[in-house]
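Following the hints, put chains R, L and U with the ligands in place on chain X, whose structure we already have.
Protein chains in written order, with this note's numbering: chain X, 4 to 283; chain R, 4 to 283; chain L, 47 to 286; chain U, 47 to 286.
Just so you know, these hints were derived from the structure itself, not from any lab. Each statement offered as a hint is correct.
Here are the simulated lysine to any residue pairs, SDA-like style, with alpha carbons at most 20 Å apart:
| id | chain 1 | residue 1 | chain 2 | residue 2 |
| --- | --- | --- | --- | --- |
| 1 | X | 52 | U | 286 |
| 2 | R | 52 | L | 282 |
| 3 | X | 83 | X | 121 |
| 4 | L | 271 | R | 56 |
| 5 | L | 286 | R | 54 |
| 6 | X | 64 | U | 86 |
| 7 | L | 286 | R | 209 |
Remember, it's a predicted structure, so these values are computed and weren't measured experimentally.
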Amino acid sequence: MEVDVLGIKFKNPIIIASGPGGNGKELIDYIDLSQLGGFTTKTITFKPKIGNPPPRIINIKNGVINSIGLENSGFESFLKDDVPFLEELDTNVIASIGGYNTEEFCYMIKSLNHTNIKMFELNLSCPNVDKGGDTILNDLRETKEIIRRASKITQKPLFVKLGIEGNLEQLAKLAIENGADGLVLINAPKGTKINLKNESNPEELLRGYGGVSGPIIKPLALGCIYRVKNIFPNVPIIGMGGVVCKADVLEFLKAGATLVGIGYGVMMDPELPINIIREL
Amino acid sequence: MEVDVLGIKFKNPIIIASGPGGNGKELIDYIDLSQLGGFTTKTITFKPKIGNPPPRIINIKNGVINSIGLENSGFESFLKDDVPFLEELDTNVIASIGGYNTEEFCYMIKSLNHTNIKMFELNLSCPNVDKGGDTILNDLRETKEIIRRASKITQKPLFVKLGIEGNLEQLAKLAIENGADGLVLINAPKGTKINLKNESNPEELLRGYGGVSGPIIKPLALGCIYRVKNIFPNVPIIGMGGVVCKADVLEFLKAGATLVGIGYGVMMDPELPINIIREL
Amino acid sequence: MELAKVVEKKIIKDYFVLKVETKGPFNSQPGQFVMINFLDTFNLPKPFSVMDEKGNYLTFLIKNVGPFTEKLATLKYGDFLLIRGPYGIPIRNKIDLTKKYILLGGGCGSAPLIYFLKEYPLLVKETFFSFKESYVQSILPDLKLFIDDNIGKTPVEFLFQNKEKLENSGMILCGSKGLLKSFFDVFPYMKDWSYVSLEENMGCGTGLCKGCPVQTVEGVKMVCKDGPIFKANEVNLEWK
Amino acid sequence: MELAKVVEKKIIKDYFVLKVETKGPFNSQPGQFVMINFLDTFNLPKPFSVMDEKGNYLTFLIKNVGPFTEKLATLKYGDFLLIRGPYGIPIRNKIDLTKKYILLGGGCGSAPLIYFLKEYPLLVKETFFSFKESYVQSILPDLKLFIDDNIGKTPVEFLFQNKEKLENSGMILCGSKGLLKSFFDVFPYMKDWSYVSLEENMGCGTGLCKGCPVQTVEGVKMVCKDGPIFKANEVNLEWK
Ligand SMILES: Cc1cc2nc3c(=O)[nH]c(=O)nc-3n(C[C@H](O)[C@H](O)[C@H](O)COP(=O)(O)OP(=O)(O)OC[C@H]3O[C@@H](n4cnc5c(N)ncnc54)[C@H](O)[C@@H]3O)c2cc1C
Ligand SMILES: Cc1cc2nc3c(=O)[nH]c(=O)nc-3n(C[C@H](O)[C@H](O)[C@H](O)COP(=O)(O)OP(=O)(O)OC[C@H]3O[C@@H](n4cnc5c(N)ncnc54)[C@H](O)[C@@H]3O)c2cc1C
Ligand SMILES: Cc1cc2nc3c(=O)[nH]c(=O)nc-3n(C[C@H](O)[C@H](O)[C@H](O)COP(=O)(O)O)c2cc1C
Ligand SMILES: Cc1cc2nc3c(=O)[nH]c(=O)nc-3n(C[C@H](O)[C@H](O)[C@H](O)COP(=O)(O)O)c2cc1C
Ligand code: FES
Ligand code: FES
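Just chain X, with the same shape it has in the complex (with noise of 0.2 Å):
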């Protein structure tokens, strides 16, 4: 089940998608990296982030809500402890790029022109971390130039995440115009549990809400990945949101996904991907 995008190789559609895979490093314990498709990076920001306190993790049905707050050592660590290990992976790394501002994201890109990282996926969309209140992705003015000038300054593919907030026809359109060369959707909807025997705090995480994954939000994925690949039939997307078994990644496929993304699947088993990839 080979597959090309823009010119690329993917041995098969399958990418452990960012986040729940840590930086690779941690998964080599349970898998073989080098059978997958591509590997995202968990998103990499410029300066270090701490993480959010605990909880970080809410069990729901068929899912789980993640507060993690985009914990990560920050992007010097990142090219001196991970870089190097991702280049000798025989797998297409695709490399996650969060930032607060256009200098952030364009300093990072440009850092990582000469590796062998092979894609660039820019996170606008995660659902825990704020920029004074809102995420990028509000920001219309501010999204498009972080697009604009980051597709200027490499020659690797560039992807736009996207969420199902904000209006995503408009963004994608904007993403799209503005050079992106495809679209990773979606990234975690928010969303909120209640515990009605936790008193003081029902909300449980401190933001009172977090990002939801898992099979609970494949119809909501599916039908963006619709809707996008309606009005942009050769834009590549690559899809995820709840893929746990190949039916799922066959859906996906038929949907207008070019890669399939395994996030949420991980943390349910780490060796998931590879029994899909088996199947398949």
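Leaving out everything else, chains R, L and U with the ligands in the frame of chain X:
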């Protein structure tokens, strides 16, 4: 569990959400409407709408994807055939109004001003009807204008119904600043089911996607209510999305809802709202 | 919804007859259906025609075609279901009672017609409870079935070669859209003398949600509330 | 994940001991845990400490506190589970092996300590496998438990009145944050001689998802991968 909403007394916080309960006439065969806190009409549009061709109902786990397409016999018929019936009901009737422009909204509200209908709900977020390929909410100027004008021509409380597509915080702010007295959260988010066995039309729905209701959207609904309540603690919210038991009702109230709507639950079992009220 | 206890299940491959015990009589009539659900899910219920009602017992004929019917097929004696109904307009209330009818059922579409035959034998001229596969006979031992595989033709092909049977008789057809369309492709003139029982995926089953539309000469109607039986010449099976 | 068969369940009210058979040995060590899941859901797995491993058998001590453990409690002989692991750093690899330890377990927090006692009796000075309710003894008949209701105090209150026990000994504590905090409120100086096994709700259980953080003097660490056992003076239980 009496509730006061902007001076209107509700016997209890349970109301029928717009749509799955029809316009009441169908429901009286199954339950005593006077036991309800309130009843929301199916969204009325100025002109009759034939609705979408079948299939309109797609079963998914813990929910449904609907593509009804706002079938209704239009405002004139509503005035003549439904209003007299609704005015006799011993429960608070909320009229859900849908339209394609400010004039239609205002005409309908004006005509209903002198009736016994207690509140208005502007449905600006139907996933199954487009205005030239876009829901009204995506046109911020028009949204603002509709709410501003509508609020000026009526003394009755005016609620605005939002979905999760669009920038929730921004739209809530816009609605409230332009005269909305409360918000209804949430309308059914867009979703798709892929049927791999149906080769010619794997999306099954002719539009490719529909609105997702039922317990599957509960975490998202609670998230929206929590987020809006956090910013506007004094604005009453009618919460809905997957309420099917007493615990759900309590969770929605805890998250910030003043009234709780039941839509999908009525489809599961028309008696469900009454059964819940008995337990409260 | 009401609790109903499974008291009998006869299963052969993908077909099964399910008999449940309810608290009191449902007072269903031929052509009516009930909405069935499980106690342990929050999915929507699904419609099934009554094949028989006697005392506090309802009997259904069900084909395992997907997740819901798959789960129904695993039920054992003593398991409980949720049921509400009956819904829909009885066949008797829609048809011209001065005529005699040929009943044509396709697969599980035969269920309401079997009930009809039992209740109104005098209104029935002939029956075609048709199934592709002969094994179905084993779970419906007392009925004369039309087995395509045995006869070597579909019931529509058979009727085409025995057109005289249709003379002066009405028809009641119940089955997939495919069956109905193939019949009227061959016998367009029979539309005026036929009633069709339609299947449409349902939400509420009670006329509330507008989920099961059919286009008719009088506008859009709901299969669950205004049907499931309609005059064949009043509905448009091609609405898309 | 691997299939594991339930071969024994001893249950008393909200506590139960669950023994499962696996294909091969897990080679777990005291302090390690496994992730357990059901075959029929797509929920995340949940962490449970190994209370014993022998041959191809793993034993757990579980308290029914919510939907997952509720479902575990209904398992019967012969039912199957999914298990992966073992995860976490064995207690032995973290502690100072030249000392003897008092083991203080609160409720199911006793599970890894029970395993520890069995494997390293020479490292143990005294045990407080503490439970509020005396009925738990019936499913752990061979162990000396500390039953609050019988003794009339919590183990922390007991130790406060018997401070001399703590002299020259290390402590290994395993239980809720509440238990750990109450102990160090009373014995702040013991932080330097204690190890705590932390519980944090988990996602992956394997250090991948960054879902189970604890703030330490060396920055944020993961309970599942860097713990669950930590030096008490290195972690901040108040991070909010
Ligand atoms: C008024 C009415 C009466 C019915 N009576 C009976 C009955 O007596 N016995 C019985 O076995 N079934 C009956 N049905 C159909 C039954 O409701 C469906 O077979 C069932 O809902 C399928 O659910 P599922 O989850 O098992 O399969 P799904 O996954 O929902 O469907 C599996 C396949 O069957 C097709 N399908 C689903 N529903 C229908 C339908 N209504 N008509 C035609 N194809 C469909 C789908 O397109 C799909 O290809 C009736 C339907 C209606 C509307
Ligand atoms: C490393 C590790 C080892 C564990 N070993 C065991 C064990 O041997 N035996 C055992 O019974 N449990 C153990 N647990 C806890 C067990 O994982 C939880 O009890 C279980 O996940 C609860 O799931 P639930 O759906 O039944 O309840 P939930 O609905 O998740 O929780 C019910 C209540 O318990 C509280 N709770 C949930 N998880 C925890 C937790 N981790 N710590 C404290 N309170 C919690 C919740 O706040 C809630 O009030 C362990 C946890 C960890 C992290
Ligand atoms: C624990 C966790 C951490 C995540 N971290 C990131 C992240 O760092 N960057 C990102 O773009 N998406 C992140 N995501 C979102 C996933 O990449 C994915 O978009 C989403 O979870 C839907 O796919 P899934 O259901 O397969 O997980 C995270 C999701 C989870 C559950
Ligand atoms: C069949 C169906 C029809 C609906 N029709 C309308 C409608 O006409 N107007 C409206 O505002 N919302 C409509 N909705 C959305 C519901 O009012 C509600 O916002 C949504 O379904 C979430 O609540 P629930 O999960 O309780 O159904 C409809 C939902 C369903 C399932
Ligand atoms: S199924 Fe709801 S109207 Fe027919
Ligand atoms: S549970 Fe995933 S890192 Fe610990």
